[in-house]
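Go by the hints and put chain B onto chain A.
In case you want the letters, here they are:
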Amino acid sequence: MLFRPCLSVFRFFRNFIASQLLIFLVLIAPGVSAGLTDQVAETVLPNGLKIILLENHKAPLVTFQVWYRVGSRNETPGKTGLSHMLEHMMFKGTKKVGPEMFSRIIQENGGNNNAFTSHDYTAYYENLRSDRVQVAMDLEADRMRNLVLRGTDFRTERMVVMEERRQRTEDNPQAYLWERMEAAAFKVSPYQWPIIGWMEDMERWTLSDLKSYYKTYYSPANAFLVVVGDFKKEELLPRIRKAFGSHPGGAKPDQRREQDSPRKEEQRIVVRKEAQLPFLVKGYHVPNLHDQDSYALEVTEAILSGGKSSRFYKNLVREKRLALEAAADNSLLSYDPRLFYISAVPMPGRDTAELERALDGEMARLRTEPVKEEELQRAKNQIEAAFVFGQDSLFSQAALLARHEIVGGWKKLDDYLPSIRNVTAGDIQRVAGRYLVRENSTVGILIPEGSKDSRGQGVKEKHEDGKMGR
Amino acid sequence: MHLSSCCSVFRFFLNFSSSQLRIFLVVAALLIPAAGAAAMPSVERTVLPNQLVLLVAEEHSLPFVTVQLLMNSGSRKDPPGEEGLARLAARGLLLGTSRRSATEINREIDFLGAFLTSYAGMDYATLNLKILKKDMDRGLDLFMDVLTQPVFPKDEIQREIDKTLAAIRSAEDQPDDVAEKAFHKELYLSPYGHPVEGTGESLPRISRDSVERFYRDNYHPNNAILVVVGDITPAEVKTKILPRLEAWKAGTVLTLRFKAAFAGGPKTVKINRPITQASILIGHEGVSRSNPDYYALSVMNYILGGGGFAARLFEEIRNKRGLAYSVASYFDPRKYTGSFQIALQTRNASAGKAMKTALKEMRKIRRKFVKRKELEGAKKYLIGSFPMRMDNQEKLARFLGQVEYYGLGLDYPDKYPIFVGAVTREDVLRVARKYLHPKKCITVIVANLKEAGLEEKDGS
Numbered sequence: 003m004l005f006r007p008c009l010s011v012f013r014f015f016r017n018f019i020a021s022q023l024l025i026f027l028v029l030i031a032p033g034v035s036a037g038l039t040d041q042v043a044e045t046v047l048p049n050g051l052k053i054i055l056l057e058n059h060k061a062p063l064v065t066f067q068v069w070y071r072v073g074s075r076n077e078t079p080g081k082t083g084l085s086h087m088l089e090h091m092m093f094k095g096t097k098k099v100g101p102e103m104f105s106r107i108i109q110e111n112g113g114n115n116n117a118f119t120s121h122d123y124t125a126y127y128e129n130l131r132s133d134r135v136q137v138a139m140d141l142e143a144d145r146m147r148n149l150v151l152r153g154t155d156f157r158t159e160r161m162v163v164m165e166e167r168r169q170r171t172e173d174n175p176q177a178y179l180w181e182r183m184e185a186a187a188f189k190v191s192p193y194q195w196p197i198i199g200w201m202e203d204m205e206r207w208t209l210s211d212l213k214s215y216y217k218t219y220y221s222p223a224n225a226f227l228v229v230v231g232d233f234k235k236e237e238l239l240p241r242i243r244k245a246f247g248s249h250p251g252g253a254k255p256d257q258r259r260e261q262d263s264p265r266k267e268e269q270r271i272v273v274r275k276e277a278q279l280p281f282l283v284k285g286y287h288v289p290n291l292h293d294q295d296s297y298a299l300e301v302t303e304a305i306l307s308g309g310k311s312s313r314f315y316k317n318l319v320r321e322k323r324l325a326l327e328a329a330a331d332n333s334l335l336s337y338d339p340r341l342f343y344i345s346a347v348p349m350p351g352r353d354t355a356e357l358e359r360a361l362d363g364e365m366a367r368l369r370t371e372p373v374k375e376e377e378l379q380r381a382k383n384q385i386e387a388a389f390v391f392g393q394d395s396l397f398s399q400a401a402l403l404a405r406h407e408i409v410g411g412w413k414k415l416d417d418y419l420p421s422i423r424n425v426t427a428g429d430i431q432r433v434a435g436r437y438l439v440r441e442n443s444t445v446g447i448l449i450p451e452g453s454k455d456s457r458g459q460g461v462k463e464k465h466e467d468g469k470m471g472r
Numbered sequence: 043m044h045l046s047s048c049c050s051v052f053r054f055f056l057n058f059s060s061s062q063l064r065i066f067l068v069v070a071a072l073l074i075p076a077a078g079a080a081a082m083p084s085v086e087r088t089v090l091p092n093q094l095v096l097l098v099a100e101e102h103s104l105p106f107v108t109v110q111l112l113m114n115s116g117s118r119k120d121p122p123g124e125e126g127l128a129r130l131a132a133r134g135l136l137l138g139t140s141r142r143s144a145t146e147i148n149r150e151i152d153f154l155g156a157f158l159t160s161y162a163g164m165d166y167a168t169l170n171l172k173i174l175k176k177d178m179d180r181g182l183d184l185f186m187d188v189l190t191q192p193v194f195p196k197d198e199i200q201r202e203i204d205k206t207l208a209a210i211r212s213a214e215d216q217p218d219d220v221a222e223k224a225f226h227k228e229l230y231l232s233p234y235g236h237p238v239e240g241t242g243e244s245l246p247r248i249s250r251d252s253v254e255r256f257y258r259d260n261y262h263p264n265n266a267i268l269v270v271v272g273d274i275t276p277a278e279v280k281t282k283i284l285p286r287l288e289a290w291k292a293g294t295v296l297t298l299r300f301k302a303a304f305a306g307g308p309k310t311v312k313i314n315r316p317i318t319q320a321s322i323l324i325g326h327e328g329v330s331r332s333n334p335d336y337y338a339l340s341v342m343n344y345i346l347g348g349g350g351f352a353a354r355l356f357e358e359i360r361n362k363r364g365l366a367y368s369v370a371s372y373f374d375p376r377k378y379t380g381s382f383q384i385a386l387q388t389r390n391a392s393a394g395k396a397m398k399t400a401l402k403e404m405r406k407i408r409r410k411f412v413k414r415k416e417l418e419g420a421k422k423y424l425i426g427s428f429p430m431r432m433d434n435q436e437k438l439a440r441f442l443g444q445v446e447y448y449g450l451g452l453d454y455p456d457k458y459p460i461f462v463g464a465v466t467r468e469d470v471l472r473v474a475r476k477y478l479h480p481k482k483c484i485t486v487i488v489a490n491l492k493e494a495g496l497e498e499k500d501g502s
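These protein sequence lines map, in sequence, to chains A and B.
Start counting the first sequence at 3; every next residue gets the next number (our numbering).
Start counting the second sequence at 43; every next residue gets the next number (our numbering).
Same shape as in the complex, but just chain B:
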């Protein structure tokens, strides 16, 4: 069942969805523009006097409501030396308020059969509620209480830090996680470089006072987007939602300058582990979500390695050579410039061969026009699968939050097919040349280096 305490599937789903916006998943709209829009219930957008942006989408097929608050306070706002602070603030919301202890919050939410969760990503944090319509009042009270009256009890914060330290240690057993952390650390010369959850060095330095300060500097309505989706009427928005939100006072948000900077390649980082399969990441600087080439890049990446079964990397590395079970490429477009990466796992002995094949495909797509059929296939998928990006409450809430956060406009479902539809083979070649840099890659290999034939040769 789905309700297990700390390692439930449900949480992993949420985790996944609220984390990176990888292009393979950022899939949208229809060939016939109107059909894309039809997939989205109409959305009411309001800016409240406290500057909170409120988005409401009614959908009455089931008697429940999903609420997602998106707070512009991700780990990129962690102060140097206190990495993991943004996440502790998000988690800390649920650890006690002026009216309720953590235990009382847990008991109340569980008794309603509801889900109240909070997560932090690199760009933003979210507070999420899923609750039956009949319990909506109680759920909203709880939601506002944890959002506006958290007290961050010292022992609770310490407990959270201890658990996080243990989870960081446990994650050392996952080669792909080890590779990802090393890759980010090597690549980014910006606050995107550290893990959202912090590190073994930074976490012990964080005090509950820092958590509270971070909260005071960031958790204001004028720094947030609230999305409400599901079985709710305009009248209920007026009587139940608005009065609660209006009581939340605007405040001063600490603004930080973010400077995107990247380490240049080529460079290889080798990490030795007694494992049977090498976990490999190859990549470099990517783009931000606001890059005008985003749509051409979506098409290009789909053909290269983002398009699942239809991608070139999948065909060459998995289907033809049997070298991997999973292989894919991603752009990770963030508020500021994110990364590009190819990720694959292959048995130690074939690490070199798989990497060579991946790089060859990177070079090839920069050298030659993609086939007309490939271009059409990519566009048809990206456009045709759009309605599936918002086919349940949770997905719709997430989608709307991102549309607002990245400033895409509520007519995005209408625009997307036009943007993607306009991409040509020339565009694909141009963006491949501009944004793929096979000679400047940072490569991370977590493997049994001896078996992989990669032992101690220093540098790349």
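So here's chain A without its partners, still in its complex pose:
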């Protein structure tokens, strides 16, 4: 349930602090234990706005979040990245609140605020003292309905987003490869394009695109609030009702998108780009939480890369000294089924092909021999402990409820730990045999320009050079 793994996360985190961001959600650990949803209260206003409240009185603080059911999956080819651009524009003011005043007001109230966009959602949050929650509520209610989109702001902010793309992707060889791999993994599904969008599409965006996008997706019927922290439900709810209740509901947009049919053969992508070390990433098509197999894949992820006794670390990093690092990452909380990722950086001097063979060997082992009882228990213990640790943050609690709400309703969270506990060694063997197989995979390989790495010479499926755009 983490998102984009790897190397560039540190940079993302820094950006997270400095500004608005497109986040591959940095949830440290899932929060909210089983049974905690008992304390969650849900109300739906007549205009369709859902409100999810969870009291937590540990500190005099609150996180106030508005989640819109719109992300890059709702975009169309040629105009990718609009969701994230609109997220930026949401800070440009309303009739009542001047441009860039939103954050200033929150900060003057001692609060932090930001927003993030994913494939499936766009979310806005304010973390602040609980006695200031009204400030956040009024500002969010205002921009849900009354955003003013100006041409001058649009043109300047588009430059900012282009800078963001340069920073995240263009000059980051691993992120660049990752994007290319995903583009190859899907033919029909909107998960084929990056959340931030293609650079050339940014040129095509217009102000009226944004206006109609805002109109279609930013309505009470397509949004929900999550508030977690130090408040009393019966006291907070009427105030929320007052702030948001008079907005017209709007229509529920059609959320169905075409899906790819099952894969029959492996796809390979090679990117040659100036870089210090090669990089390898694979994506296997897997189900999301609507299929019980996704929980077995969660446990599989932990077996492969949860901690330093995990298979990748123990075997590839330590024993064989093949990898500088290696990670696995499941897509449990994805609206439509997405990918199970594995990625690795070879140690200098080690061959990428050799590393890939070793990774494939680990995947084969999952299929051919059952996981030992102790190893299975270790993975489950890690997941359960992380669940407890995750409750320590109001923000993570709220985000976890929200992410379940996006995919299948926040009550799905109740299934998480029981489903993990039920996973057997046989389940892991079965899902590995069903999903984590070559025919179901897309492979991306980064070959540093000028490198002697032999890999890729035999690859003929699809060559890509280092240019941006598609």
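By construction, these hints were calculated from the structure, which means they are not laboratory data.
Idealized CB from N, CA, C, for every residue including glycine.
Honestly, I wouldn't trust all of these hints.
[Unchecked claim] Quick list of simulated restraints, FRET-style, between CB atoms:
1) A/G247 <-> B/K280: 29 to 39 Å
2) B/A209 <-> A/T426: 34 to 44 Å
3) B/K492 <-> A/H59: 20 to 30 Å
4) B/N314 <-> A/R440: 39 to 49 Å
5) A/T78 <-> B/A209: 32 to 42 Å
6) B/P105 <-> A/E376: 15 to 25 Å
7) B/K280 <-> A/A43: 39 to 49 Å
8) B/K175 <-> A/A43: 39 to 49 Å
9) B/R247 <-> A/R440: 41 to 51 Å
10) A/G411 <-> B/G242: 47 to 57 Å
11) A/E202 <-> B/N314: 19 to 29 Å
12) B/Q93 <-> A/T426: 48 to 58 Å
13) A/K374 <-> B/S332: 50 to 60 Å
14) B/K196 <-> A/R423: 22 to 32 Å
Same frame as chain A, but now just chain B:
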């Protein structure tokens, strides 16, 4: 999920938090002083017979415990030529003890679903444990074992060195990292100048014996602070924590004299890379954490470039001109004098324009009083956001460790709003004039120099 081996988000979080204490993050206290203190659970401070300082904060809302040991043994203690040694000592703790191999340590900690990590920064290193209450005994045994009985096996140290060398190489692909290293190297004429992880030249020279020597010279209770936060009672502190700590004997700590010294500007360092976006650092000598102007500087820097969306640099460079996604200024106040820097990224072609704008803002805040509204906004944020500095176990442990390390006093949450509240426009102007030196900046530009119009003109 969060548990990936070596590039997990979790680690990056820890890394970030235990590294620089940048002013944007050093945010504290409330307008009403009492509210700030209320945000912090009460803290018990004890100095043990072995001179270890122990801080305990009870917080029982969740069944787990966070332990952080702060060891006064950061990279500023690296011997010349052996840069990276302090970090290897910190990492080496987890690579084997007289009772457990590295593999056994890894297996045990993972089986408990716990986190046991160690990091080194410029000033200090930390050993961190996060563990469920039910496993606390086993966790504490492990923690004390790695802390007091490490053996630094030769092959494990070599493996760590090889991995570090590879990571250093990999970091060459991150323009901001390249810029930061070049900036530190150019600016500092002190042990703060080298990367914590060492360099391609220094690491191959380090032997496991040096690592062990560094450990013996530094890892003593009389050189450490231990913070315990979470689901623990005074009785458990007495029966579980104290006996373990008391068995740790005091020793002689190698003391080094640290002389803060800086290269003067103006000077420009240009590094050519085939990238689309220039990564730029502009800065100079900063202050130490004990500088009495720290609070006035916090306010001044918030207005200049530390205040996120509300800062002048953000407004001028990003909002008005669309030149950057991230732009900010930082003071990096350390035990000894640290740095001041403005960091921004902009496409190659606008590098000159962005730098000019940044310098203009530096000059402006030295020339004119800040607006009353700006002053009030900064103070309200700094004071009002204070409780969020310690709203979970990890943050609280880090906060308490720093309060002790920098000698701020446990009443710091009460004092902070008073210190910040007292800052005037005159103070802001005075510290801007005293600590910002736009004419003496060291500038590092990592870019496609040709596209940036910066090709080969030598010097600044």
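Now for the hints, and whether the structure bears them out:
1. A/G247 <-> B/K280: 29 to 39 Å: violated (55 Å)
2. B/A209 <-> A/T426: 34 to 44 Å: holds (37 Å)
3. B/K492 <-> A/H59: 20 to 30 Å: violated (59 Å)
4. B/N314 <-> A/R440: 39 to 49 Å: Holds - the Cβ-Cβ distance for B/N314 and A/R440, about 41 Å, lies within 39 to 49 Å.
5. A/T78 <-> B/A209: 32 to 42 Å: Holds - the Cβ-Cβ distance for A/T78 and B/A209, about 40 Å, lies within 32 to 42 Å.
6. B/P105 <-> A/E376: 15 to 25 Å: Since the Cβ atoms of B/P105 and A/E376 sit about 23 Å apart, the hinted range of 15 to 25 Å holds.
7. B/K280 <-> A/A43: 39 to 49 Å: holds (41 Å)
8. B/K175 <-> A/A43: 39 to 49 Å: With Cβ atoms ~28 Å apart, the hint is violated.
9. B/R247 <-> A/R440: 41 to 51 Å: holds (44 Å)
10. A/G411 <-> B/G242: 47 to 57 Å: Once the Cβ atoms are compared, 53 Å apart, the range 47 to 57 Å for B/G242 and A/G411 holds.
11. A/E202 <-> B/N314: 19 to 29 Å: holds (27 Å)
12. B/Q93 <-> A/T426: 48 to 58 Å: holds (52 Å)
13. A/K374 <-> B/S332: 50 to 60 Å: holds (54 Å)
14. B/K196 <-> A/R423: 22 to 32 Å: violated (42 Å)
Of the numbered hints stated above, those contradicted by the structure are hints 1, 3, 8, 14, listed in ascending order.
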